[in-house]
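Visitor: Construct the complete structure from the given sequences, taking the supplied hints into account.
Residue numbers (our numbering), protein chains in the order written: chain E, 1 to 112; chain Y, 113 to 224.
Quick caveat, the hints were computed from the structure, so don't treat them as lab data. Incorrect hints may appear among the rest.
[Stated by the list, open to error] With beta-carbon atoms standing in for the labels, derived distance ranges:
hint	chain 1	residue 1	chain 2	residue 2	range
1	Y	Arg159	E	Arg105	12 to 22 Å
2	Y	Pro197	E	Val42	39 to 49 Å
3	Y	Thr176	E	Gly40	42 to 52 Å
4	E	Glu14	Y	Val183	25 to 35 Å
5	E	Thr21	Y	Gly179	13 to 23 Å
6	E	Pro18	Y	Ala150	38 to 48 Å
7	E	Arg73	Y	Thr207	14 to 24 Å
8	Y	Ile123	E	Val42	23 to 33 Å
9	E	Asn15	Y	Glu122	29 to 39 Å
10	E	Glu28	Y	Val183	23 to 33 Å
11	E	Pro18	Y	Glu124	39 to 49 Å
[Claimed, not checked] Per the computed footprint, the stretches of chain Y lying under chain E, defined by three or more beta-carbons under 8 Å from a beta-carbon of chain E, are:
hint	stretch
12	116-122
13	147-161
14	202-216
All C-beta atoms in this analysis are idealised placements derived from N, C-alpha and C, irrespective of residue type, glycine included.
One-letter residues, chain by chain:
Protein chains: 2
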Amino acid sequence: MTQQHINWSEIEPENVYPGITRQVVHGERQTMVRYVYAPGSVFPEHRHPQEQITTILSGEIEFTIAGASRVFRPGDTGVIPGDTPHGARVVGDQTVETINSLSPRRETAPGP
Amino acid sequence: MTQQHINWSEIEPENVYPGITRQVVHGERQTMVRYVYAPGSVFPEHRHPQEQITTILSGEIEFTIAGASRVFRPGDTGVIPGDTPHGARVVGDQTVETINSLSPRRETAPGP
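Guide: And the structure:
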């Protein structure tokens with residue numbers, strides 16, 4: 001059976017870009033990804049077939065989705081359709097934490 | 113195209129059980145649900161075909177999943193396979209906020 005309890009502190013973070021770490025938990029139908037972005041960090045534009053729903057837990061981050069940019073803050077969620085180009089850069093001086101659900105499950109490790 | 117930005121304050125909450133409100137955002141493949149539980153509130157055991165991944169944002173809440181109970185706190189995530197009985201009750205005196213991704217998309221309004 002799929003694991004029913006995870007504390008994110010138990011998941012090894014991997015560095016994906018300078019100042020950006022990723023932790024991943026797989027369900028059967030979804031992959032959950034926690035990103036932590038240091039101030040000044042940039043996640044270059046990319047795309048993947050999975051739909052991504054991103055919720056901002058702390059800090060301020062500008063997402064560019066299909067060419068349109070907007071700052072996301074705690075209380076904001078973004079729905080990024082599959083195969084849609086998107087990237088992000090931290091604005092302001094706070095660390096950014098996001099929780100992201102990707103569906104279908106991302107079988108292989110996501111980018112960079 | 114699916115909506116790309118939501119602030120949860122824009123989504124009307126619905127009361128599902130005493131002290132428990134729900135807000136819902138649909139993607140194409142996932143449904144995101146934000147629950148807010150008042151101290152003392154109880155979400156009775158139920159099940160649905162969707163896999164549910166629940167992340168605790170504030171407070172302490174006991175989940176019972178397939179008969180096994182455990183307290184979840186901020187930093188904890190639960191993966192609840194589809195069709196698995198689960199329920200929850202707030203423990204302690206803090207309001208609990210959770211963000212939940214269900215996949216596949218939940219076409220009809222979820223329970224109670």
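Visitor: Hints broken by the structure, by number, lowest first?
Guide: Per hint list: 5 and 13 violated.
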